[in-house]
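Participant: One letter stands for each residue in the lines below.
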Amino acid sequence: MSPIDAKTGREYWRSLEELADTEEFRKFVDDEFPTRSAEWLHQPNRREILRLMGASFALAGVTACTKQPPERIVPYVKQPEGVTPGKPLFFATAMPLNGYGLGVLGESHLGRPTKVEGNPDHPGSLGGSTAIAQASVLGLYDPDRSQTTIYRGRISGWGKFIAAMGMVRAEQLLSKGAGLRILTGTVTSPTLAAQLDEVLKTFPSARWYQYQPVHGPKADVSPVYRFDKADVVLSLDSDFLASIPGSPRYARDFISRRRLTEGQSTMSRLYVFEPTPSITGSVADHRFPVRASELDGQAKAIAAAIGLPVGAASYKHADAIARDLKAHHGASIVIAGDWQPASLHRLAHAMNEALGNIGNTVVYTDSIEARSEDHVASIKELTGEMNAGKVEALLILGGNPVYDAPADLNFGDALSKVPFRTHLGLYNDETSEKCDWHVNEAHYLEAWSDIRAYDGTATILQPLTDPLYGGKTAHEVLATLTENPDQTSHDIIQAYWRGRHTAEDFDAFWEKTLNAGVVPDTAAKPAQPPKGTSETQYAAALNPSTMELIFRPDPFIWDGQFANNGWLQELPKPHSRLTWDNPALISLGTAQRNSLQNGDIVELDFGGRKLRVPVWIQPGQVDDCVTMHLGFGRRRTGKVGDGVGFNAYELRTSDAPWGGPGLRIQKTDGRHVLATTQDHHAMEGRNIVRSATLEEYKADPKFALKASEEEFQARSLFPSFEYNGYKWGMAIDQNACIGCGACVSACTAENNIPIVGKDQVSRGREMHWIRVDRYYAGDPANPESLAQPMLCQMCETAPCELVCPVAATVHSTEGLNQMVYNRCVGTRYCSNNCPYKVRRFNFYLYSDWYTESLFGLRNPEVTVRSRGVMEKCTYCVQRINAVKIEAEKADRRVHEGEIVTACQQACPTQAITFGDMNDQNSRVAKWKALPLNYTVLGELNAKPRTTYLAKVKNPNPEIAQG
Amino acid sequence: MTSDPVETQLTVHDPDGPVVAPGHSYESITEKIGAIVITLRTPRHWWIGAGIAFLVVNMLMTAIAWLFWRGVGIWGVNVPIAWGFAIVNFVWWIGIGHAGTLISAILLLLKQDWRTSINRFAEAMTLFAVACAGMFPVLHLGRPQVFFWLFPYPNTMGLWPQPRSPLLWDVFAVSTYGTVSLIFWYIGLIPDVASLRDRAPQMWKKRVFGILALGWRGSARHWFRYEIAYLLLAGLATPLVVSVHTVVSFDFAVSMVPGWHTTIFPPYFVAGAIYSGFAMTLTLAIPLRKFYHLEDFITMRHLQNMGKVMLATGMIVAYGYSMEAFFAYYSSDKFELFMFKNRTTGPYGPFYGLLILFNILIPQLLWSKRVRSSIPALFIMSLVVNTGMWLERFVIVITSLHRDFMPSAWGMYYPTKWDIMTYIGTLGFFSFAFYLFVRLLPAISMFEMRDLIDKKAGKQVVH
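Those protein sequences? They're chains W and Y, same order as listed. Per my numbering, the first sequence starts with residue 1, numbered consecutively. Per my numbering, the second sequence starts with residue 1, numbered consecutively.
No lab work stands behind these hints: they were computed from the structure. The beta-carbon is built from N, C-alpha and C at its ideal position, and this holds for glycine as well. Do not take every clue at face value.
A short, non-exhaustive set of chain W residues, derived as facing chain Y with CB atoms under 8 Å [unchecked claim]:
| id | residue |
| --- | --- |
| 1 | 678 |
| 2 | 680 |
| 3 | 683 |
| 4 | 763 |
| 5 | 765 |
| 6 | 807 |
| 7 | 828 |
| 8 | 842 |
Same shape as in the complex, but just chain W (with noise of 0.2 Å):
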């Protein structure tokens, strides 16, 4: 009888064996775990369990590294000072701003990157980099990114795309290309010329226009500029500190001549001309603000008493100026701004010319752009083409059209005649969902890709991980195009490159280019300079007597690129310290003459298109004209960016992309609120930033210190503690911080810290453990303009430590004042009694514990904290530790050098120094021996570890203005 006859009703049987009632069965149901391997049946010895070990392991790295990219990636293997081998890997590769190049290094952590810092092999950065680059990380994470291929709203998938694509080959091959065309931004990438080429030659009726929202003035010729050679920079309107694609290199090269740490007893002199305040603008030793429309005029003016033949208007400083300039024959330069029209740019080349910086501090290039051309015609041109139906499909790879082409040209309208529309974008965006076809972009640190920099080097960037959500590049997007249309990435980028070298030497290249970030020998070559010209093509005079409305990127959100990243969005603007938001900036001027008060809402009437926005009284701004910032007003980016701030594109026309004269202001009764992290920019009479001129301070090297009471001895009942080990300290230079912001960036980005959102930023509950302060002095027309970066002071006698009932806020024996997150209970009597108010507080549960894309960007090196626990600057701590590790090990002292803070890596004109004060050697410890040396609130007794050192200005005394 087999067994199931003996069973009655509802005896069920989990399988056939335990049917059979077999030997077998019985053995497995009595064994608790049955699909785990066999036990071991004697003592394993010392070697089985290391070798156990030792595959355990290794094969941990694999669950982990899903994510390497399957092609073969290259590691930076001089490892830059302060990081400990075999534990994060640096990977050279560049990020992409307005399709010029820079250079970077991505830290990854177990295959994830988690922070981004500067190439110092690559000539653009010098190892420094900017707040945009350091907040690029959070990017890759974005939770709101475009995820997938979508076709006309529906999820569809690559390979549907590239059979789409295949079809509109196939026509377009009849027609040769006639109904095709292809709109990207600036090209500089060799690899993405090239293809447009090859596209371009395949279908000869095609045309490739490009547009981006900034961009300057078509040019030939690419200018290289030299700062570190130029003894007078005159600027027109240019934000060459920070606004260009050289700007991290020019910021780094321009302070270097401006720096007194070595002794040095001569300085360069800036005057910069400018209709609103930058950070160009801040540096300067002579800061005249002028109109934008009026700029050409003073322009003509300086330029006729260099020698030029231009009929001019006179400008009472036009001589001096000139005198200087003159006087530096060959040392100086004259830069015009990108949102200045061409005719500037001509005359400040002519004006170089006569200076002869030509071949010594301004170097002309053959183009870096692939085709540099007007990108505002350009995108005319198309949208006329797509207007008269000439457009049958339309590859848009990268930008965002629909949102930021100018108003007039309702791109949006014309995108929609247009029967086959493709768009590459990081995001599901406003011009995705009007077209076809939206294909995911891959972000740049998980892409094969080339571009160049601001001279011309190249850098082949490789990712750092696999696409996160199978995102497509540029490259592969135009293969498609192609007969072999199904290409990844990176065999385009090995393709182009491959064939620029010979095949023995083509694998070391392409390691050791890799390995470095930067393709050796690719800078730009020089160039027939353009011809100089006295032609007098400038603006017509303009009507002084209305308003002007001048349109800038913002200095974060860039053109709206950015406007879903948090991090950037809640960096505080450098001169008005405003987060999430881009109110109309006014001067107290035009404030007093149209009662505004900040906050209040105006309609602004700029050729007939009508925008409401609040205002923002902009000490240093120009009278009768307002700043407007691209970027804002988002309707689809994300989460973080929709919905915030005011779209000035609304009011960007073809004809004046850059803004100009005939705008009307009228008050509303609105009100909007503007959240600012600081609100009051006077130093009220407390010494903080210190400054004077350069004779003064020759005069008495010693007038930092002169300014306060600091001359006393720090008196104390007890002992001081004896620091014999390390001793670190920190030391910033005023002199050679531009308040570009990089440091906040690099600082969030590194210790995991979170954004609070607009909200608690009007509460005053921002969490930047470093913060840029800025302090007007003097005129509010034009004021002294003084950026103080202000980090916990990791004071000795910290009077935060004497207050904590819990000691959570401990020194520690080499001067770190150290904040045990796990101990503090969060009576915040630290923070009441910091008299630097340095200290955050998690008020709330601000850190994002839910959005799982956002694990991986955590820099596991730090804590992320909690609710109710106050958090500081620690110098690093992690980085100190580490490298202490490392030290010990090997046993030796740490290397001066060896460890660098985030803030001081990513700062580009190395104004940040820390180390161990009792090196004498150090820098640290050399620049705080420095008569410039000062403490801020010194007299309070606390003996901070970080100090300043002096700013220095070199105003003409010919001119009589500060």
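Since chain W is already given, all that's left is putting chain Y on it; use the hints.
Facilitator: Chain Y in isolation, oriented as in the chain W frame:
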């Protein structure tokens, strides 16, 4: 047992009036005071008042629940003003408590008869005020769930609290204060509770009072030991009147914030505490005597004396304010000078103006005997003084913090509705507790009142 004096002679030594109205006997005192407790009928005014107070207590519970759920960010605190209403209210409540202890302990040791009828409910006021105050240091923590780390207990972390911090001294001061006050108050209640045990008609009340009375028989031996214990406790509680608020003032004085860091704070705070405490005692005494017809026991003499103490302590507080101004000028310290200028003319300047008006100017009316003898005037005065003292703590905490050393960090403090709800909630808690006390326990010390008329009858000398 002494004989029950049928009549008491009123001598005209005291121009303010008698300490006890004439015509009372032991029995009448005990009966009148005890009746409030053991009566079966709870008066309607009690239900209304206690009912409202109970609703406000619920509001407090809501505010606290939401605080624990979301975090301390629901309040208006930020950087630089990291302490707001919570600390203002903490100091205010603790200050109020000091009057009760002064009346109970110091006036006892100084043999002031007029403390007799007010000391019981004043001491109850102290206890409830300390309870309200004690909530705030826990509520305002970022991590209230680990508030016990502020206490020194052997733990697995091997850590003790940090003894140089004034907040830790607060922990000891306030807990000592609460403990001693509770014991003192309870010991004082024992003979009265025993009386009620003997007189209560219902069995269950007899049992409850019986347990609370701890077996009191009123024997000579009991009384002998009792008097000694009572005096010892008074001696123990006396220094607390000065020390507790001194320690609370150290929360500010030990820091370096301009406007906080000043040596005058200990006496200034103590004087202010007694000031506001007497004001609150008046606020409680006046309705109590009216609604429960206790005018014979809480006489005009008491009210006027409380008015005089208010005036005296108000003058000390005024001296404190003027010294602050003088220090600012005399120090030539730019931070101190700015602090004073900002306090008087800055964004919170009107609060300072109101403060001077309420704490210094209006109370000068108390010089007038007419004002001191007018019950409505005294009642309003007590509310004015308490408001003024709250404003004082607000001005000290908030105006000093909002603009201190670094101008780039200056900010503003705006209380949120949760701040206000929590504060009013504690007022409700205090009121509710007081209502319960009045209903369930003798609000005036019966045995001490009997002792008082006994003294007067026997010795013919009345003070």
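Participant: Hint by hint, work out which the structure violates, then give me just those numbers in ascending order.
Facilitator: none
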